[in-house]
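Visitor: Each residue of the sequence shown is one higher than the last, beginning at 822 in our numbering.
These are calculated hints, taken from the structure and not from any lab test. As the structure is a computational prediction, the values presented were derived from the model and not from experiment. Careful: at least some of the hints might be erroneous.
[Stated by the list, open to error] Okay, the calculated beta carbon distance ranges per label pair: (1) ILE868 x ILE845: 27 to 35 Å; (2) ARG943 x ILE840: 49 to 57 Å; (3) ARG983 x ASN838: 36 to 44 Å; (4) ARG983 x LYS890: 37 to 45 Å; (5) ASN936 x ASN838: 36 to 44 Å; (6) GLY848 x GLN938: 17 to 25 Å; (7) SER887 x MET980: 27 to 35 Å; (8) LYS890 x GLY869: 43 to 51 Å.
Cβ atoms here follow ideal geometry from the backbone N, Cα and C, with glycine treated the same way.
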Amino acid sequence: MILQEASAGPGASVDQNLIIKDVIITGLDTLYSANVGGPFKMNSIIIGEEIRFSTLQIRGKVEMISSWKEDYAFAAEINDVAVDIQLDLKPEQSVIQTRKDGQILRERATIFLRNLQVIEFREMSVTMPAVIFSSAESLIAGYLNKELPRVICVYLKTMLPRVLMKIAKPKEG
């Protein structure tokens, strides 16, 4: 992300470019179920659930470019990130596994991801050196508010099918 801002002391103006780069997110393994949703019936069976990340930690750099170029490290911690997830079950497209004698071993409905949305977080704290101008912290918070939900949704969209397939596979032996 690049931001251009004119800032300096009284009577002076300096063009600065800020670039947020090298962003690393940790804590995606703190995902848990808050157990506030449940199955409900509309045109099909929907499982609605709120899942949460306990703590996400973000590290990155802010590169300031004006008459010189400098990098400043920042860190952020976001607590209790809530994600609304709705899975649409289609029993009419289900897969039924049976034994040779006809007894049903397992019935698995086809699952479609209906909704995936980051809905809230409890607290965000950003730490960085005081030498950067004051609006840099707001820039980082705004960047995280915009980009983090997108990153979380991409992560969950790739992870959920793998997890659901692992659950759906019958154990051998």
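Visitor: For every hint, state whether the structure bears it out.
Guide: The hints, checked one at a time:
no.: 1; hint: ILE868 x ILE845: 27 to 35 Å; result: 32 Å, holds
no.: 2; hint: ARG943 x ILE840: 49 to 57 Å; result: 29 Å, violated
no.: 3; hint: ARG983 x ASN838: 36 to 44 Å; result: 40 Å, holds
no.: 4; hint: ARG983 x LYS890: 37 to 45 Å; result: 41 Å, holds
no.: 5; hint: ASN936 x ASN838: 36 to 44 Å; result: 38 Å, holds
no.: 6; hint: GLY848 x GLN938: 17 to 25 Å; result: 19 Å, holds
no.: 7; hint: SER887 x MET980: 27 to 35 Å; result: 41 Å, violated
no.: 8; hint: LYS890 x GLY869: 43 to 51 Å; result: 49 Å, holds
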